[in-house]
Structure formats: structure tokens, C-alpha cells
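If you're matching them up, the sequences are chains A and B in order.
Residue numbering for the first sequence follows numbering that gives the first Met the number 0, starting at 0 and increasing by one per position.
Residue numbering for the second sequence follows numbering that gives the first Met the number 0, starting at 0 and increasing by one per position.
Treat the hints as calculated values from the structure; they're not laboratory data.
For glycine and all other residues, C-beta sits at the position ideal for the given N, C-alpha and C.
Be aware that one or more of the hints could be misleading.
Here are a few chain A residues that sit away from chain B, every Cβ distance over 10 Å (derived from the structure) [to be verified]:
| no. | residue |
| --- | --- |
| 1 | T12 |
| 2 | R21 |
| 3 | H29 |
| 4 | D43 |
| 5 | T49 |
| 6 | N59 |
Here are the in silico distance ranges between beta carbons for each label pair [to be verified]:
| no. | chain 1 | residue 1 | chain 2 | residue 2 | range |
| --- | --- | --- | --- | --- | --- |
| 7 | A | E11 | B | R20 | 15 to 21 Å |
| 8 | A | R17 | B | E48 | 27 to 33 Å |
| 9 | A | N59 | B | N59 | 32 to 38 Å |
| 10 | B | A45 | A | E62 | 37 to 43 Å |
| 11 | B | F84 | A | Q31 | 36 to 42 Å |
Each chain, written out:
There are 2 protein chains.
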Amino acid sequence: MLVLVSYDVSTETSAGRRRLRRVAKICLNHGQRVQKSVFECRVDQAQLETLKFQLLDEINEAEDNLRIYRIPEPLGKHVMEFGRFRATDFDDTLIV
Amino acid sequence: MLVLVSYDVSTETSAGRRRLRRVAKICLNHGQRVQKSVFECRVDQAQLETLKFQLLDEINEAEDNLRIYRIPEPLGKHVMEFGRFRATDFDDTLIV
Chain A
0 MLVLVSYDVS TETSAGRRRL RRVAKICLNH GQRVQKSVFE CRVDQAQLET
50 LKFQLLDEIN EAEDNLRIYR IPEPLGKHVM EFGRFRATDF DDTLIV
Chain B
0 MLVLVSYDVS TETSAGRRRL RRVAKICLNH GQRVQKSVFE CRVDQAQLET
50 LKFQLLDEIN EAEDNLRIYR IPEPLGKHVM EFGRFRATDF DDTLIV
């Protein structure tokens with residue numbers, strides 16, 4: 000199954016930027032970054048639970064917002080993409 | 000139907016910030032902002048087409064990335080949210 004992870008953190012603080020990097024690392028173990036704070040992960044049900052708990056361990060629930068969306072098959076019917084795909088650009092230093 | 004609009008634009012330029020504001024305005028006509036560049040819109044099929052074309056009119060496809068995801072019902076099964084919901088915080092000046 001495809002899940003979309005979108006994560007909103009204040010990147011004005013170094014702690015926030017560090018959390019974003021750690022969230023990105025966890026998500027990249029399961030999929031790819033499609034936008035600055037949006038990741039598409041391929042997981043089964045058990046992996047989704049693991050992903051969820053790993054992410055909850057990293058985020059600061061008092062400050063950040065984490066959203067996980069299950070995107071059902073067929074993806075062609077549920078996902079539309081326009082413009083420049085920039086996933087690879089995100090591995091260098093994250094300036095927001 | 001619920002659609003998720005996530006929009007990635009370089010906000011280092013004033014043109015990029017203006018495009019993000021205009022994208023936000025369009026999306027807010029149909030729903031709410033749930034993260035800095037992520038919006039949840041309630042639309043029917045015809046409204047989705049209108050939303051899509053309005054957004055494509057605004058974005059710079061050479062620089063930006065726009066993703067639209069259809070999120071089927073029941074939402075409780077397809078959407079998980081954790082942490083602080085900050086939708087209302089985004090109406091003031093967007094500092095990224």
C-alpha cells in the first residue's frame with residue numbers, strides 16, 4: 000500500500016530542522032521524498048505501524064503536525080502530479 | 000470527495016511566495032490548509048477539474064511541484080493526524 004506522510008515542523012529552530020531530517024530519514028527507509036515535507040512510502044500493514052511509531056518517537060506533538068494518508072490502488076486514479084519532480088534536490092542542506 | 004493538494008515551490012523568491020499565496024487562496028475556496036503547503040479540499044468531480052485547472056494556471060511547472068491525491072471515504076480509515084493542528088496559524092505572513 001502507498002501512504003503519504005506529510006510533516007509540518009517549524010524549521011526556524013535547529014531542533015525543528017533536526018526533527019525534519021530524522022523524519023525524512025525514517026520515511027526514506029520506506030519510500031521517497033516527493034516534496035520538502037511530503038513523503039510517499041510503500042508499506043504493508045505491519046510496516047505502517049512501525050513507521051507510525053518511529054515517527055511519533057521523533058516528532059514534538061506539542062509543536063509539529065504529522066499527517067499520514069493511505070492512498071489506495073490504482074494509484075493512477077488517486078495520484079496526480081504536475082510540474083517539476085524535485086525529490087533528489089532534497090538531500091542537500093535543507094534551507095527553508 | 001476529499002482531495003489533498005500538496006504544493007512545493009521555492010519560497011526563496013518573492014515570485015514563489017506569491018504563487019504559494021495564490022495556490023493557498025484557490026485551495027481555501029474548497030477546503031482548509033492543514034500544513035504550510037498542504038491543503039484538504041472537499042470537491043465533487045466537476046469542482047476537482049476546476050480546482051486542477053485553476054492551480055495549473057498559477058503554478059510554474061518548470062519550477063514547482065503540485066500533487067493532488069484523492070482520499071476515499073471513510074476518512075477515518077485513510078487519514079491519521081498527530082500533533083498540533085496549525086491550520087489557523089498560516090493566515091498570517093508566511094515565513095518559511
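The hints, checked one at a time:
no. : hint                      : in the structure
1   : T12                       : 13 Å, holds
2   : R21                       : 14 Å, holds
3   : H29                       : 15 Å, holds
4   : D43                       : 16 Å, holds
5   : T49                       : 14 Å, holds
6   : N59                       : 7 Å, violated
7   : A:E11 x B:R20: 15 to 21 Å : 19 Å, holds
8   : A:R17 x B:E48: 27 to 33 Å : 41 Å, violated
9   : A:N59 x B:N59: 32 to 38 Å : 33 Å, holds
10  : B:A45 x A:E62: 37 to 43 Å : 39 Å, holds
11  : B:F84 x A:Q31: 36 to 42 Å : 26 Å, violated
Hints 6, 8, 11, counting from the list given before, are not met by this structure.
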